[in-house]
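All chains should be built: construct the whole structure from the sequences, respecting the hints.
Those protein sequence lines, which keep their order, are chains A and B.
In this text, residue positions in the first sequence follow the numbering used here: the first is 1, and each later residue adds one.
In this text, residue positions in the second sequence follow the numbering used here: the first is 1, and each later residue adds one.
Worth double-checking, as some hints may not be accurate.
Listed next, the in silico DMTMM-like pairs over lysine to aspartate or glutamate satisfying Cα-Cα at most 25 Å (straight line) [what the hints assert, rightly or not]:
id, chain 1, residue 1, chain 2, residue 2
1, B, 51, B, 227
2, B, 286, B, 212
3, A, 372, B, 61
4, A, 372, A, 566
5, A, 596, B, 252
6, B, 55, A, 566
Covered stretches of chain A, as calculated for chain B (at least 3 residues, CB under 8 Å) [stated by the list, open to error]:
id, stretch
7, 252-266
8, 341-348
9, 364-377
10, 391-405
11, 423-437
12, 445-456
13, 524-533
Calculated from the structure, these hints are not laboratory results.
Backbone N, C-alpha and C fix where the C-beta goes; we use that ideal spot for every residue, glycine too.
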Amino acid sequence: MSVSPLSLIVAAAVAWLTIGALGLVQPRNLRIVRLLFPAGGALALALAAVAFVALARPPEAFVLPLGLPDLPFHLRIDALSAFFLVLLGSASAAISLFSSGYFRAGEGTAPGLICFQYHAFLAAMALVLIADDAYLFMVAWETMALASFFLVTTDHRIPEIRRAGFLYLLIAHIGAIGILLCFGVLQGGRGDYTFGAMRTVPLQAFWPSVAFFLALFGFGAKAGLLPLHVWLPEAHPAAPSPVSALMSGVMLKTAIYGLLRVTFDLLHTQIWWWGAVALTIGLLTALYGVIFAAAQTDMKRLLAYSSIENIGIIVAGIALTILFSAYDKPRVAAIALTAVLYHCLNHAFFKSLLFLATGSVLHATHERSLGKLGGLIHRMPWVAWLALVGTLAIAGLPPLNGFVSEWLLLQAFLFTPSLPQSTVNMLVPVAAAALVLAVALAAYVMVKFYGVIFLGRPREPHLAYAQDAGRRERIALVWLAVGCVLLGLFPTTVIGAIDHVNALLLATTVSRAGESNWLLLAPIATDRSSYSPLVVLAVIVAVVLITMNVVRRVWHGRSRRAPPWDCGFPLQTPRMQDTAEGFGQPIRQVFEPFFKMERHLPSPFDAKPRYYVSASDRLWDWLYVPIARVAETLARIAGLIQQGRIAVYLTYSFITLLALLFLVR
Amino acid sequence: MTVASLLSQLLQVAIALALAPLLVGWVNQCRAWLQNKRPPPLLLPYRTIHKLFVKDAVIADNASPIFRLTPYIVFGAMCCAAAIVPSLATDLPFARAADAIALVGLFALARVFISLAAMDIGTSFGSLGARREMFVGFLAEPALLMVLFTASLISGSTSLPTIVDTLAHRELGIYPSLAFAGVAFTMVSLAENARIPVDNPATHLELTMIHEAMILEYSARHLALLEWASALKLFNYSCIGLALFFPFGIAEGTNWLAMLGAAPALILKLVIGGAALALIETLSAKMRIFRAPEFLGTAFLLAVLGMLVNLLLGS
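Structure (structure tokens):
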């Protein structure tokens, strides 16, 4: 009898926990930790391989007699879980390897403890993906939130980091309440909290909508949907870079998994206006994220806002899937869902790559502010060239992977005119325009990110001594960059794997319906739309090589070096380069209503002129500060009845008892 | 894919490469006539490119390989685009490799690389130009895609050959949506090709310039390739416009004779289009960079309007 994939995945999760526990034996011993992380990475790779096999297999379930009495853990793996497990394994393999070279002793939490938290985080994410009852799901979900909270507050001696961690924990719990209530609705009053039972419960009237919006709220808080996105730009700069990579690349996707699980598996029908609402929220999130990313001067904060943008795009794709399947157009819904899953995978790869690259930069320079970096391509060529791959991928440029998912999503948008509802038909072109605007702005943001960090001249003298990343870190970055390239060049293979999920959730596939082959991606028909990244890459590379040769043969290839042209003004310093603030200035000016700006301009007589500008989130003032005020007021009123004398409290108990007796009688 | 079709594909790229500098020369000549100046020779762009290829390249001390690689990549992307845009024939083998959306992606690839190269040297002009180029780019790209979406809604396809086939075979009548899209496309092309209301191709070292600021550090063969690539970009945009709005006379299939017949039609259309471009440039004034969002926002709204008109009227 062969071993089932599900038991192997459970074994991997247990092994991760064991590795974590081993790290606790000697928490200050860096040598042990440096062995444990690669072992965890190898396990992740094995998990990805097992999950890839499970993708094509029929669903498999079993019950573990663990947990509370009468509440055993139900586990199940189907194509949807398997797809996200592949994502988890393949991205975290690289992150684990990178971590083994990254964490040092003497920076906040002991490395052994980090090792435990890190592997508990991984195991919790794997459990979230294979949980088949609400109880285990919530246990794993909360473990995931707690483990990541402790990882975020690694440098817990710094007050800002503690504050960021607390904000993250708070929003994670508000989201968890939403998810819990959603499961409460889904069980439909029967008291059976297994997913299997929820699938069979017929929900009446408005209850499916309540469940969907609770799920959107709960999972949206984890994923960073507007207006619950505020924790991302605080937590990511606070966390160590591998943790940021894991949270942004993988953990956000567990929220997407949860949303898909509830919407397309546990609920039977989808209603079109869910799609309309989710589309609006998703696109607003995407635009908001990218506009704020353009104004950032901290490299990790910039990437955090870019994650918000990508989550917005993914949710917009989910919304389209809902719209199409509500109008019973499964083939187009399958294209939208494929775009969603493809983008999840892409984002896991390029965002992890970029976060890890910022980690290397941070270690080499001790600078996180874009205003103090520059010219690192000369000192850190490995990191710079691999980050270039990630930059081009996230900017959505052909022939890399980011473009494929955006292309698929735009194809899905172009299908909407076939819908019967005319208002939706009007809404969607505007939505497509917003999506395109967000994607185009992402290219702006990424040029700023890459150009300011790696190109130009070093803005600070000590950057000249920056060291390139170590061997393990390089291998991890290479793995992710190769992933970006391969995912971009072989879309039909990837879509073939994603089709198992389409078959599960929408009972149709993209590959069989379209005219794709290994070279050409054509989701519907070749004369409708087609794209072949391999041919595009081959043509560009061929032209580049031919041109280089021809120019050399026909003319010559002579060149000499000289100082850059100074326009006749010899006193040029690196500080005169465009800064990150400068690069973001056009966006701040065009989208001024979005920002809360604080500007300090020097007067002409300042001996030491200082220019200062900050652009912060208006949502803080509009939403969070009023909520905080209300909470404070309520707490003050509640505080009035607390006198601190035991007699008063006894009186309260007595009154309560009397009231209860009166009511129950 | 047969050898004949591959050869006709190469023929189309070769014609694009050969005609692109001529188009630039023609526009410059028309503009000089309209402005009462003595026109430069028609073949001046070829001579400039040759002169630049002969010279020795001077590269800044701190230039990275990205700086040296960029001209080739930009040139490659533009050649790739020239293979895809149906300028002479619609059914060429590479045309299926990228549809309209991927074509916009290719232009974006070139733009991102040229901006990165501009930031590479670390002079203030370069990064200023890069910032402005990306600024204009992110405003123009959505408008361009909306124009292409309007055309693809009419033909039910994002593949350029299918769009051209559908539009060329319709009964002669005016599509109101295409009229909106046409105006929007003209505005976008002016911005994307660094033409007058947004940028000025004729000046150097003005605080208003965009494209020229980015390529300030380039010399010799690198500059030649960039000049050629920007000529190709103008040619490609013209051909997209002609294919969308005047798709008559483009050969169907890869018949050599049909392609040779299509060439004079293309040249005639380009002559008229180039003169029109010169007229627009002469009649308008360069605007401040922060007026560009208004200009391109108008283009974007016109394109969205075209799309809505198409959905409402079904035409």
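Tested hints:
{"no.": "1", "hint": "51/B with 227/B", "in the structure": "holds (12 Å)"}
{"no.": "2", "hint": "286/B with 212/B", "in the structure": "holds (15 Å)"}
{"no.": "3", "hint": "372/A with 61/B", "in the structure": "holds (21 Å)"}
{"no.": "4", "hint": "372/A with 566/A", "in the structure": "holds (22 Å)"}
{"no.": "5", "hint": "596/A with 252/B", "in the structure": "violated (56 Å)"}
{"no.": "6", "hint": "55/B with 566/A", "in the structure": "holds (21 Å)"}
{"no.": "7", "hint": "252-266", "in the structure": "violated (count 0)"}
{"no.": "8", "hint": "341-348", "in the structure": "violated (count 0)"}
{"no.": "9", "hint": "364-377", "in the structure": "holds (count 3)"}
{"no.": "10", "hint": "391-405", "in the structure": "holds (count 6)"}
{"no.": "11", "hint": "423-437", "in the structure": "holds (count 8)"}
{"no.": "12", "hint": "445-456", "in the structure": "holds (count 8)"}
{"no.": "13", "hint": "524-533", "in the structure": "holds (count 7)"}
When the structure is compared with the earlier hints, violations turn up for hints 5, 7 and 8 and for no others.
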